[in-house]
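Colleague: Assemble the dimeric complex from its two separately framed chains, guided by the hints.
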Amino acid sequence: MSDDSLLKTPFYEMHVSAGGKMVPFAGYSMPVQYPLGIMKEHTHTREKAGLFDVSHMGQAYIRSKNGGDPALAIEALMPSALAVLKPGKMRYSVLLNDEGGIEDDLMVTRTFEPEGTLYVVVNAACKDKDYDILEEKLGDKITLEPLDDRALLALQGPKAEEVLASLAPEVADLSFMEATMVTLEGVVCWVSRSGYTGEDGYEISVPSDEAPAFAARLLANEDVEWIGLGARDSLRLEAGLCLSGHDFDGSVSPVEANITFALGKKRRETGDFVGADRILKELSEGADKVRVGILPDGRAPAREGTDIVDPNGTVIGKITSGGFGPTFGGPVAMGFVPKNLAVEGTKVQLMIRGKVHGATVAPTPFVPQRYKRKQS
Amino acid sequence: MTKYTEDHEWIEADGDIATVGITDYAQKALGDVVFVELPEVGAAFSAGDEVAVVESVKAASEVYAPLDGEITEVNGDLEGDPSLVNTAPTSNGWFFKMKLSNTGDLDGLMDEEAYNEHVAGLE
Numbered sequence: 106m107s108d109d110s111l112l113k114t115p116f117y118e119m120h121v122s123a124g125g126k127m128v129p130f131a132g133y134s135m136p137v138q139y140p141l142g143i144m145k146e147h148t149h150t151r152e153k154a155g156l157f158d159v160s161h162m163g164q165a166y167i168r169s170k171n172g173g174d175p176a177l178a179i180e181a182l183m184p185s186a187l188a189v190l191k192p193g194k195m196r197y198s199v200l201l202n203d204e205g206g207i208e209d210d211l212m213v214t215r216t217f218e219p220e221g222t223l224y225v226v227v228n229a230a231c232k233d234k235d236y237d238i239l240e241e242k243l244g245d246k247i248t249l250e251p252l253d254d255r256a257l258l259a260l261q262g263p264k265a266e267e268v269l270a271s272l273a274p275e276v277a278d279l280s281f282m283e284a285t286m287v288t289l290e291g292v293v294c295w296v297s298r299s300g301y302t303g304e305d306g307y308e309i310s311v312p313s314d315e316a317p318a319f320a321a322r323l324l325a326n327e328d329v330e331w332i333g334l335g336a337r338d339s340l341r342l343e344a345g346l347c348l349s350g351h352d353f354d355g356s357v358s359p360v361e362a363n364i365t366f367a368l369g370k371k372r373r374e375t376g377d378f379v380g381a382d383r384i385l386k387e388l389s390e391g392a393d394k395v396r397v398g399i400l401p402d403g404r405a406p407a408r409e410g411t412d413i414v415d416p417n418g419t420v421i422g423k424i425t426s427g428g429f430g431p432t433f434g435g436p437v438a439m440g441f442v443p444k445n446l447a448v449e450g451t452k453v454q455l456m457i458r459g460k461v462h463g464a465t466v467a468p469t470p471f472v473p474q475r476y477k478r479k480q481s
Numbered sequence: 018m019t020k021y022t023e024d025h026e027w028i029e030a031d032g033d034i035a036t037v038g039i040t041d042y043a044q045k046a047l048g049d050v051v052f053v054e055l056p057e058v059g060a061a062f063s064a065g066d067e068v069a070v071v072e073s074v075k076a077a078s079e080v081y082a083p084l085d086g087e088i089t090e091v092n093g094d095l096e097g098d099p100s101l102v103n104t105a106p107t108s109n110g111w112f113f114k115m116k117l118s119n120t121g122d123l124d125g126l127m128d129e130e131a132y133n134e135h136v137a138g139l140e
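So the protein sequences, as listed, match chains C and G. Counting from 106, one number per residue, gives the positions in the first sequence under the working numbering. Counting from 18, one number per residue, gives the positions in the second sequence under the working numbering.
So here's chain G without its partners, still in its complex pose (with noise of 0.2 Å):
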């Protein structure tokens, strides 16, 4: 099941292994994205800590980490081409997996019906 954070991230589970990336309202707040900075592999970061860097034409926005754990893969096709987060934020636009340092906490979490709430709510 997908779940969401209030930073306009989308997190998808597999086990301990979670995919990241942002939500379509979060591309479309952004405009077109021209580079994405991604972590390193094998990097830990906690909740919140900023752990990428999403560039549109006209600014610069950060990417937190949803929850604690340690990158194990990022999406390199992101750096021939960034649009990617445009055409396809909740598929071919992810930004990295990380390997959770406790899967409850993907409980804490939105689900979908929660998050479109919380995008209501924005405009």
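This is chain C alone, in the form it adopts within the complex (with noise of 0.2 Å):
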């Protein structure tokens, strides 16, 4: 079954014939599952290394207009310490609006290039709308040229370091969210150490035309599997990581969101980001409401959208991811709880089916992230 009006990636032809079943997904045609399975794709990837194709979603350079540092000027838009990034290094951010809501979430890296462009991976559903924020807001500082010609892989898992060190072994001294550029089986990539699994691993941008028979030399390695992306949304969930759009949207502060280290120091002292009234309140104050994880008692899942009612029946916050951890072994959400319950141990009521569930306000991430991280 095809539908003519998504989008493909250079990959399409290799998840159909590979058995993928594709779905639609923020316009494009992606493989939510591969003959594996959810569950056994999720375990592959947490105990050898799964091969994901996130080529929908957004790639960009960054430049500046004016010959100042085009990380200062994002830095209006994103709290993050963005201007001290050296080359090859990379930090995840935020695009804020006016009010201190969460647009979508990002990964900002400077490349190499002496002018200190930015390289920035922002997600797929979002890409068009964060380009006209960055247009509009930034357009007489900043240009902003998509990488439309390029795709974009995740190798993740324990075994990723060892499998893309075999074809070009300096990609074995990075660190957790450093980024370097790598000539992999001649063609020139751009690899960070970074991903959205929880587990150690590396995103590989890689031209489109030389993209397919690049993942076909890694998925030559018996350590490797195409994982979809519902595998894919059950290990960002147990790694207590959040989705753009479910998790936060543009009324939701990176306060509420529980994502305040996306939150520079010295950029909270100064306070210039827009948005930083509501920000700085919050940080000081505490948020009214906060997102948590949380675990179900017993089995049934704890899908998105789900209510938190008090012992009264009343609806007090709402579960934003929920589904089965299949390495944790059982149910898993995260959602919002006012603050005053936004306490460890804390006991919710979940109504599920129109059934009271008991759950329990617990720490994430709900599996031990395994990234690799400079030994300091």
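You may find that some hints are simply not true.
In silico DSS-like cross-links for lysine-lysine, where the CA-CA straight-line distance does not exceed 30 Å [what the hints assert, rightly or not]:
id: 1; chain 1: G; residue 1: K45; chain 2: G; residue 2: K116
id: 2; chain 1: C; residue 1: K479; chain 2: C; residue 2: K371
id: 3; chain 1: G; residue 1: K45; chain 2: C; residue 2: K153
id: 4; chain 1: C; residue 1: K444; chain 2: C; residue 2: K371
id: 5; chain 1: G; residue 1: K116; chain 2: C; residue 2: K460
id: 6; chain 1: G; residue 1: K45; chain 2: C; residue 2: K113
id: 7; chain 1: C; residue 1: K444; chain 2: C; residue 2: K386
id: 8; chain 1: C; residue 1: K386; chain 2: C; residue 2: K234
id: 9; chain 1: C; residue 1: K371; chain 2: C; residue 2: K242
id: 10; chain 1: C; residue 1: K191; chain 2: C; residue 2: K479
id: 11; chain 1: C; residue 1: K386; chain 2: C; residue 2: K460
id: 12; chain 1: C; residue 1: K370; chain 2: C; residue 2: K246
id: 13; chain 1: C; residue 1: K145; chain 2: C; residue 2: K191
id: 14; chain 1: G; residue 1: K45; chain 2: C; residue 2: K145
id: 15; chain 1: C; residue 1: K234; chain 2: C; residue 2: K113
id: 16; chain 1: C; residue 1: K126; chain 2: G; residue 2: K45
id: 17; chain 1: G; residue 1: K45; chain 2: C; residue 2: K460
id: 18; chain 1: C; residue 1: K170; chain 2: C; residue 2: K246
id: 19; chain 1: C; residue 1: K194; chain 2: C; residue 2: K460
id: 20; chain 1: G; residue 1: K114; chain 2: C; residue 2: K460
id: 21; chain 1: C; residue 1: K477; chain 2: C; residue 2: K191
These are computed hints drawn from the structure, not numbers from a lab.
Modeller: Right, here's the structure in full:
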């Protein structure tokens, strides 16, 4: 079954021939799972190495128009320490609106270009919106150059280093949140040690024309399997990572979303970003509601949209991501609760299909993250 | 004789007691089952009522009562091992047994040949 209005990534034919079940996602035809199935794909990634097609995500260069630092320009809309990024270093950040709400989250990397050009990766469903916001608000200072001729692969799991280093030994030297240019099989790629599964691994930006052959080379390793969107979601949920448009949207601040690690220390002092009034106030006083991890009692998964209720049955919050954690071995969820309940161990109630189920506020990640951080 | 519904349930009747589960086609479409919510024993349902919920890693799906009747037994093994629905959908992965209000209703369901044709039409 195909839908001609959907976009295809350079790996589309490979997904289909690998038995991928293709579904519409953010305007693209993407594999939700392969014959292995979500559970085994999830476990394979945690035990070996999973290969994800994330080419639907938006890759772009951000260049300065006036010779200044493009990172300094985008700091007006992003509260992280970006201007201090040295070449080959990257940060997770958020794109804020005037009210301090999160329009999207993204990765910002300093390239090795002398002009201090940035390489950013944004969510598929948000890329047009993000590019419009950057253009509209910062168009006089920066140019945004979408890299439409690039595919993006994520190779995630404990075997990722061994697999990729067999093609380019230097990738073993990268630490978490570092990036470099690498020639892989004669193709110049931009490789970062990052991902969104909680595992060690890499994201590899590769020219579209060369991308299928490169993926085939990775898949020739018996430790590597294609992994679909289904397992990508269960992996990031277990890792306690936010999904844009679900765990936050333009109404939710970074303090509410509990991603204050994205707020740079100096940036908090200077408050030189949009929505700083609200965000700094919430930092000092606490936000009214906060995203927390939630462990449902029993076996029933609590899906996105499930109401969190108080003992009287009054709705006090909502599950924003939830499902079954294959590695955790039970249901896991994240959602927003009033700040007085955002304490580990607090008992809450979930309304699942009209029945009250107990649950407990719990720390995230649900499964330990295994990033290869720099030894200092 | 095993009967089938368009919603991919199988029904094996012994007198007026019908054992109900989901077909191999259904379990494949659902993927890895992680939870099954079963009805209360004694509860009465009309054909088409939502009687159970089966959850895979990715989503929850309803299971409908194939015919009018009252639940007499549920498969407690599914609580500890919901994957039985994947590994043995038409045997150990059964969902519930119901006492049919009218065994004649069985005649309105599909036989295996008709069900296979129904499935072939979906692919």
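Colleague: Please write out, lowest number first, the hints stated earlier that are contradicted by the structure.
Modeller: Violated hints: 11, 13, 19; rest satisfied.
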